[in-house]
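Protein chains in written order, with the working numbering: chain Y, 96 to 208; chain X, 2 to 116.
Zero decoy hints are in this set.
Derived lysine-lysine pairs resembling PhoX-like cross-links, with alpha carbons at most 25 Å apart: (1) X:Lys97 - Y:Lys139; (2) X:Lys39 - Y:Lys131; (3) Y:Lys131 - X:Lys4; (4) X:Lys97 - Y:Lys131; (5) X:Lys17 - X:Lys39; (6) Y:Lys166 - X:Lys97; (7) Y:Lys139 - Y:Lys117.
Computed far set for chain X versus chain Y, every beta-carbon distance over 10 Å: (8) Ala8; (9) Ser13; (10) Glu16; (11) Lys17; (12) Asp19; (13) Ile61; (14) Thr81; (15) Val114; (16) Asn115.
To give an idea of the interface, some chain Y residues facing chain X are shown, with a C-beta separation under 7 Å as derived from the structure: (17) Lys136; (18) Phe137; (19) Leu138; (20) Ile140; (21) Ser143; (22) Glu196; (23) Phe199; (24) Gln201; (25) Gly202.
Bear in mind the hints are in silico, worked out from the structure with no lab data behind them.
Heads up, the beta-carbon is just placed ideally off N, CA and C, and yes, glycines get one too.
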Amino acid sequence: DTAVSQTPKYLVTQMGNDKSIKCEQNLGHDTMYWYKQDSKKFLKIMFSYNNKELIINETVPNRFSPKSPDKAHLNLHINSLELGDSAVYFCASSQVWGVTEAFFGQGTRLTVV
Amino acid sequence: AQKVTQAQTEISVVEKEDVTLDCVYETRDTTYYLFWYKQPPSGELVFLIRRNSFDEQNEISGRYSWNFQKSTSSFNFTITASQVVDSAVYFCALSKETSGSRLTFGEGTQLTVNP
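Extracted from the complex, chain Y is given alone in its bound form (with noise of 0.2 Å):
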């Protein structure tokens, strides 16, 4: 069973659509995590959940906006795509908010055309 699944895969839009990644985890973990790989594979934190909470949110535009509906689940959903969100957007885990390994989805793929 995969630990942290993410859906989809890959997801291709228009400029000015909104869409959503949804992120599942299986591991019961704390915290969930938002990052995001740009095209030249540099990663970078975008929000920080633990418990169901924000943490941390860094200084993404509010565009982007998570949900935690439970421990398990961490979605995205973005507003009004710009071709600059273009990126792969990873979820990760890690087992309390504290530092442990985050483990990672296997990623979503996001193009905007």
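Once you've looked at the hints, dock chain X against the given chain Y.
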């Protein structure tokens, strides 16, 4: 502010060669954690190791070894007898104690192992 630098953008070796990936970090925290992740061509990110700032012992896991030196702020990764399956992008990352597993990543090193 924290920063991780992986100066080697790309490395190409022939199978069975040993290869070392460099990682240099900057932090003002006295307690911090260092990580290595592997991103194979399939795209997922695979956790390899976590090391805390109190533990400078080197670690070996099969063909992989890590050398942590606080004096030079480095956390280097060596693959012994490289194999084609080691071809991937390798990321070094840093986290401070109060920020959970919020990772600051280096730019990554693309390792290509040729047969």
